[in-house]
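Trainee: In the order they appear, the protein sequences are chains A and B. Just so we're aligned, residue 0 is where the first sequence starts under numbering that gives the first Met the number 0, counting upward by one. Just so we're aligned, residue 0 is where the second sequence starts under numbering that gives the first Met the number 0, counting upward by one.
These are calculated hints, taken from the structure and not from any lab test. Please read all numbers here as calculations on a predicted model, not as lab measurements. A few of these clues could be false.
Calculated cross-link-like contacts (lysine-lysine; reagent style BS3-like; alpha-carbon spacing at most 27 Å) [unchecked claim]:
(1) K112(B) with K18(A)
(2) K9(A) with K155(B)
(3) K1(B) with K170(B)
(4) K112(B) with K170(B)
(5) K128(B) with K155(B)
(6) K69(B) with K58(A)
Chain residues, written in single-letter form:
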Amino acid sequence: MQAVVNVFLKEGVLDPQGKAAHHALDSLGFPGVEDVRIGKQIILKLETDDRAKAEAEVKEMCETLLANTVIEDYTVEIN
Amino acid sequence: MKVAVLRFPGTNCEFDTQYAFEKIGHATELVWHENETLPEGIDLVVVPGGFSYGDYLRSGSIARFSPVMKAVISFANDGGRVLGICNGFQILTEAGLLPGALKRNNDLHFISKHQNLCVINNDNAFLNKCETGEVLNIPIAHADGNYYIDDAGFEKLETNGQILLRYSDEKGAPVVVNGSVTSIAGVCNESKNVFGLMPHPERALEAILGSEDGLRMLKGFEV
């Protein structure tokens, strides 16, 4: 099984990289962008075939290490 | 006083930190990250600056799980004094020993320069030899020094006198350096035995090299 984790800065926490990319897009002639958020994607290959177990485990991994929940939110997708 | 200075793969301020504490007359010992215990009779643990584990994932996020950190967490929970400088500050927030988190600087630059700092609270073991409102000149060198804490957390910091230092001008008025919440440069925990700051006091020991203000900060820990 594969888990795809997306980690982003929380809404309301300024994302300086997103802001810089947004400015760059503006100056390159892409004016229609409302907001840019930059995060990271972490792909985990898991041994288990148990979907629920995988999801619970990956969530625990996010809470412990993969995300810093003081400033970041995360989503988990199991494929 | 006996000072333990931690060393992770990627730490690069451990010798400066040792030099600084030895210069003011204290014994120091380097402690490798794989050690599961701290040396006997330690009065202060310093988590020095650098780029532990290459800043992978987030600055400090991997180092925080190394064996020695378990010993540091229990040392701190028993009231032992811990100081985190720069990457050490990041490690201590990641470990949950200090509130808040350190994000990428707002302008995305690595900032390396001498910076004025205003002492906000000196009622603690770290800054007791400095005056409240005093301006210190200490080098900073970081990319992830943008201190973040939510409103509720900030209020707690303020009420408990946990804000140690703010980036300031030469008169002590706060200035924006990296985007930190209210220009915070250093904080301590609620019990005031764990301290963290982005600036490098161990790099401000000689007037001829720009500042010796770091000496007074580090001497604070003397009993």
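Trainee: Let me make sure I understand: some of the numbered hints might not hold for this structure. Which ones are they, in numerical order?
Mentor: 3
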